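Enquirer: For reference, the chains in residue letters:
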Amino acid sequence: MRKTMTRVFTIADYEDEEIWLREQHQNGWKLVNMTIPCFYTFESCEPEDVIYRLDFRNMERSEEYMQMLKDFGWEYFDQCMGWLYFRKPAAAVESEDEGELFSDNESRVNLVSHVMKTRLLPIAIIFLCCVIPNFVKFVSGAYVGYAGMFLGILFAVLFVIYVVLLVHCGTKLRRIRNKYRMGTGA
Amino acid sequence: MEDRIKRIYVPMTESGFYILYCLQSPQHGYGISQQVKRMSGGSVVISAGTMYGTLSKMEKDGLIRFYSEEEKRKLYQITDLGREILDTEIRRIERLYKNSKGEDVDA
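Chains as they are written, first to last, in our numbering: chain D, 1 to 186; chain S, 1 to 107.
Worth double-checking, as some hints may not be accurate.
Heads up, incomplete: computed chain S residues facing chain D, CB under 10 Å, no partners named [said to hold, decoys possible]: (1) Thr13; (2) Ser15; (3) Gly42; (4) Ser56; (5) Glu69.
Short derived list, chain D residues pointing at chain S, Cβ under 7 Å [said to hold, decoys possible]: (6) Asp55; (7) Leu69; (8) Phe102.
Hints are computed from structural coordinates only; laboratory data are not their basis. Remember, it's a predicted structure, so these values are computed and weren't measured experimentally. Ideal Cβ positions, reconstructed from N, Cα and C, are used throughout, including at glycine.
Put together the whole structure using the sequences plus the hints.
Expert: And the structure:
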């Protein structure tokens, strides 16, 4: 049996997503795949405690990397928008770090910085160069007629979505990064 | 250039030190993690992502080099620069150890 669930996780919510997927598996639902932007397809299975981990590799994914993850006991099963999805049964984990993709804070901080640079920054640039100018045009009444009205509303909606997204992702990613930075003692 | 790299790597992170130490003989990532787990009595565990990231960075900085490939697994080995950094780090740890026992070190 299969079920599809809709759930929105932004680029800053990967740790919450890991917990959610683990809970699903504990309840007997194993993730099969994701469909952009926010649809999760699960397959019913025996309830089991399975650790889920996400790594952001963007488009870079070498054979060496995939082989190494496999050697460390991680099953790769899908990728979605630059994120790779791995899982490993909790029973196979002897120490906490074996259930993590990253065992030191330096590499956890690197992951957050990578996401900020390749995902958050482009969103901010689109916002500044495209959404804001069009929103200003709309407010100043430059769009006329039905088509203009439609475009104007579209940009107004986009403006709101971008503001919410940027504030949410920006603050949350920085919070995650600070959490691990403090742990490094640096 | 080399001075800059020495400044980055000394003092070294615990995972960095163990990885470089193990690469005195050719190894792949998973082999290193097993060896580290064994020699530290299970108290140092390096996970997959950290291992991959550290190996890539050390190779780029010239501390280790590609040795050979076995079934998609890359084996690495320490370079002269890597050995120099490892020796510096070992001397630093020896000094710390002696001082922690209340012993002074010779100039």
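Enquirer: Work down the list of hints and note, for each, if the structure agrees.
Expert: Comparing the hints with the structure gives:
A hinted interface residue such as S:Thr13 counts as satisfied when its beta carbon comes closer than 10 Å to some beta carbon of chain D; here the least separation is about 6 Å, so the hint holds. The closest approach between the C-beta of S:Ser15 and any C-beta of chain D is roughly 5 Å, which is under the 10 Å cut-off, so the hint is satisfied. Among the interface hints, the one on S:Gly42 holds; its C-beta lies about 7 Å from the nearest C-beta in chain D, closer than the 10 Å criterion. The beta carbon of S:Ser56 is positioned within 10 Å of a beta carbon in chain D (closest approach about 9 Å), and the interface hint is therefore held.
Restraint check, S:Glu69 versus chain D: the minimum CB separation of about 9 Å is within 10 Å; hint holds. For D:Asp55, the interface hint holds, the least distance from its beta-carbon to any beta-carbon of chain S being 6 Å, beneath 7 Å. Because the beta carbon of D:Leu69 sits about 5 Å from the nearest beta carbon in chain S, less than 7 Å, this interface hint is met. Among the interface hints, the one on D:Phe102 holds; its C-beta lies about 5 Å from the nearest C-beta in chain S, closer than the 7 Å criterion.
This entry satisfies every hint, going by the numbered hints stated previously.
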